[in-house]
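Chains as they are written, first to last, in the numbering used here: chain B, 9 to 261; chain E, 204 to 310.
Just so you know, the hints here were simulated from the structure itself, not pulled from any lab data. Some clues are possibly wrong.
[Stated by the list, open to error] Straight-line distance between alpha carbons at most 20 Å, and here's what the computed EDC-like set of lysine to aspartate or glutamate pairs gives:
1) B:Lys130 with E:Glu256
2) E:Lys268 with B:Glu85
3) B:Lys89 with E:Glu241
4) E:Lys281 with E:Glu226
5) B:Lys33 with B:Glu85
6) B:Lys131 with E:Asp260
7) E:Lys237 with B:Glu78
8) E:Lys273 with B:Asp90
9) B:Lys198 with E:Glu214
10) B:Lys131 with E:Glu256
11) E:Lys237 with B:Glu108
12) B:Lys89 with E:Glu270
Since the model is a prediction, treat every value here as computed from it, not as a measurement.
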Amino acid sequence: MKDVKYQLELFALYDKDAVEEKMTKMAANGWLVESPGNFLWKYRKIEPQKLQFCVTYFPDASEFDPAPTEGQQLMEEFAAKDGWKIAARFGQMQIFYSEEASPTPIETDAVVQVQNIHRAMKKNMIPTHIFMLILSILQFFFSGWQYATDPIDFLSTPYMLYMVPMWFFIALSAMSELILYYRWYIKARKTAQESGLFLTLHKNHIFSWILLVLSLIMILFIATESSLGSMSTLFYLAVVIIVTLFICGIKLF
Amino acid sequence: MPREKFRTLTEQMFYVLLCLNEECCGMDILDKVKTMTENRVNVGSGTLYNLLEQFLDSKMILETKVEGRKRSYILTAKGKEMLDAEYARIQAQALDYRAVFKEGNTK
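Only chain B is shown next, with the shape it has when bound in the complex:
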């Protein structure tokens, strides 16, 4: 039987409740997260058990840090005092677990919690999606310029045509993520200040992922329609794919 497995997970980085719920189910089925990612999460085999999970955010961390920062280590020491162990880290996200039935929560002040999440998102998720949106808009202008200067060539070149819906899907995905995040953040901040409660988010990400998948399908159409002997086309496609994957946060190197 395998000791590790990989699973596709569709979490938003700030959807801590969905992550905690999933981690609890996985632990009950004998799997503990070892290495989260934007798309694929790595789990390792454990004895099936009931564990409590808590997702916290450390805004000053980065997925490019070679080791946990001193601040992260200090925070983890604080958490260890209340019986929490670190399961995994991914960028600004830290996943803790406890074997106790009712451990002292790591976050007990909703105001501070929401502020912290927002600081973490400002470091990673928000700039990434704004970049995707700007890149998409620039591509639209570029396509528009190409059409304006040579409409016949534009309309007779399939990969140029496929670029338009592809970038449209990417723009729509980035915009929907940003809108959904800010809607949650504004409500969560208000709820925390008025009632001291943390507003949970159970977001349906299917729409965003459908858009992203459609963009990737467009890339495949472009690859099959264009001349495979054309190195410049392949190079351009490789750049598009690498940029798309990079800005989605997957480590490539």
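Since the structure of chain B is already known, use the hints to place chain E on it.
Showing chain E alone in chain B's frame:
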């Protein structure tokens, strides 16, 4: 409109600042708050870490000692002012409460 930061203190903020009236290291604050409030108030480890960072940035506390990863802090004059303001606010609330419920108003 978002509330101005630290205009009012949450219970967690209040007790962390109160603990730092005397020099104290971060880890000890977790126990100190529980003892002081007879387990009524629990400050989470993540909340404590974030509050200490925020209080340091706002100069409400000062770092006095660093021994490896163990850091000690103490309240500054600004932190004391914030506590005093919060205490005054709580007292005003208590007075209003007594005015409503101790003078025959059954609402």
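Cross-check of the supplied hints:
1. B:Lys130 with E:Glu256: holds, 17 Å
2. E:Lys268 with B:Glu85: holds, 18 Å
3. B:Lys89 with E:Glu241: holds, 18 Å
4. E:Lys281 with E:Glu226: Since the Cα atoms of Lys281 of chain E and Glu226 of chain E sit roughly 16 Å apart, the hinted pair holds (cutoff 20 Å).
5. B:Lys33 with B:Glu85: violated, 26 Å
6. B:Lys131 with E:Asp260: With Cα atoms ~18 Å apart, Lys131 of chain B and Asp260 of chain E stay inside 20 Å; holds.
7. E:Lys237 with B:Glu78: violated, 26 Å
8. E:Lys273 with B:Asp90: Between Lys273 of chain E and Asp90 of chain B the Cα gap is close to 17 Å, so the pair holds against 20 Å.
9. B:Lys198 with E:Glu214: holds, 17 Å
10. B:Lys131 with E:Glu256: holds, 17 Å
11. E:Lys237 with B:Glu108: Answer holds: Lys237 of chain E to Glu108 of chain B is near 19 Å, not above 20 Å.
12. B:Lys89 with E:Glu270: holds, 18 Å
Hint check: violations occur at hints 5, 7; the rest are consistent with the structure.
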